[in-house]
Every structure is written in C-alpha cells, then in structure tokens.
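The lines below spell out each chain.
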Amino acid sequence: MPRQHLTDFELMILLAVLRIGDDAYGVPIATEIEQTAKRSVLLGAIYTCLDRLEANGLVTSTYGDPTPERGGRAKRFFKVTGKGLRAVKETQRAFTALWNGIPELKGGTA
Amino acid sequence: MTLRTPPRLASAVLRRIAGDDSLAGDLEEEFARGRSSRWYWFQVLGAVARKCVHAHACAGFVVVTAVTLSVGATLGWWQTRFAVPVLLGMAITSWKLWRLQRTSLVVLYVASVALVSPYWMSGQTEAMTTGDRVFWSIARILGGYGVVGVLLVPFLILRLGRTGPLSDPPIRISITR
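Top line first, the protein sequences correspond to chains F and R. When the letters of the first sequence are read in order and numbered with the numbering used here, they come out as residues 1435 to 1544. When the letters of the second sequence are read in order and numbered with the numbering used here, they come out as residues 1047 to 1223.
Among the clues, some could well be false.
Said to hold, decoys possible - Output of the computed footprint for chain R on chain F, the stretches with three or more beta carbons under 8 Å from beta carbons of chain R: (1) 1455-1461; (2) 1479-1492; (3) 1502-1515.
Hints listed in this document are in silico derivations from the structure and should not be mistaken for laboratory results. Ideal placement from N, C-alpha and C gives every residue a C-beta, glycine not left out.
Take the sequences, apply the hints, and build the full model.
This is the structure:
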C-alpha cells in the first residue's frame, strides 16, 4: 500500500517550494529551509528527496538556461502538483489532529 | 569578474559518482558566492554517500559488512570462514565482468584478488623471525584491503552497470498530445 503521509523533510521541501514559487531550485529551497525552519540541509539530500517526490507525482521539474556562474549547467526548477498540494494538506490535517487535545502543548509553552 | 573555481578533485568525484548536473551547478553557484572549500567537500561527500545508499538499498549493508570483514581479516581472527564471502564476491564479479567485458574493471578486480592472496598465505606467524612477522603483518593488512576490494568491486560493477557509465543509454519516450 502506498504511503499516505509525508515525512517531515518531504513536507518541509514541499512547503519551501510553495513559498518560493516560480524560482524554486536547489539553492533557494535549501536557503528557505535553513532560514525559516532553522535546519541545515545538504543540497544532495534535497535533490534525492525531490527525485522521490517527482517519481510519486508530487512535484514536476523543468530545466532553465545554463549560466556561467554554474559552470554552464542549467537550473532545475520545481513546482508542486495538485497531488502534492493534496498531500501537504492531508499531512497538515493529520498533524493538527494529533496536536489537538494535548494539555502539555496548550498555551505555547512546554 | 573572475569566478572562483571549486576544488577540482571534489568536482571530479561529484561528476563521476553522483553524476547530477543540477546539483553540481547549485554547488558551483554557491561556491562562487563565497562558500568555503570545506563546505563544498562536505556537500559532495554527502551527495556521494546518499547516491550510493539510494542506488541500491543494500549498499550500506554491503559497505559496512565489507569493512567489518576486512578489519577482521587484518586482525587475523577468521581464516577459512572468509573464503565464503570472498568466493561469493569473486563469483558475482566474474559473471558481471564476463558480461560487461571492461578491461579497466578486470584490472581493478584482479588487483583486489591479488591483494587477498597474501592474507591466506600468512596464517602461521608463531615460529617466525621479527623480520618475517613484519613482512607478513604488512601482507595481512594489504590482504585485508584486498578483501574490501573483492567485496566492493561487485557492488561498484552493479552500480555502474545499472545506472552509471557502463549502462546502455536510457530509452526516452516522448508523448505528444
């Protein structure tokens, strides 16, 4: 049976791609996660995860034009698909449901 | 403006093993913006490790097993028991090499097997002179690394043969609506 929910890293990447919009490729995605989620990530890990998400139809990728500062290599831009968006919402719903009703987590202090 | 060039060896490792152009471009872009060589190496080694592990689910297990067995061989704990994984590795590799017919891999593999031989020949060290012991200790260490080679070369061949430079070009299908 296929997995229904995303891992925390997959979720972070999908949210970062959604936040960045049209310019979502490896570097901005890593920067977004590092700055917003305060989590340092390997670029290789991001690509491995994005490859997996693409294989599952949650993101699509397109190549841009090669640039000199990248050694003549093209950027690979990512976009979240409708299926990816549904997966994000479903994961959020599951997390929120688990979150509710825990007295220790109420009021924003541990 | 002159662009900074990332460490050549790290770039070569990334190109050869990870083989991801987008990632290489991202790393080069970040390096040109002022990231350190250490950061670049860290990213490259991380990418290579991930690529190897994800290429085959058992890769991590194979590497850990090979290293563990090699250390064991070097310390001289196991003697004939080692023959089983080594012979298995030889059998897999011989079969793949026969199918792939790559001279460079044959040389690499023969070198690994040649290094294993001193290990098997260096069993008894009790009645030896100090000079002989030093010689056989070195031979054993080399033999240990040979064992790693014998066990890792099949993995490398399978890895390169399936998705790397030894594989056939992928079939590209385009669908026009």
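These are the hints, each one checked on the structure:
1. 1455-1461: Contact hint for the region 1455-1461 of chain F vs chain R: holds, 3 residues under 8 Å.
2. 1479-1492: It holds: at least three residues are needed, and the region 1479-1492 of chain F offers 3 whose Cβ sits within less than 8 Å of chain R.
3. 1502-1515: holds (count 8)
The structure fails none of the hints (numbered hints given earlier).
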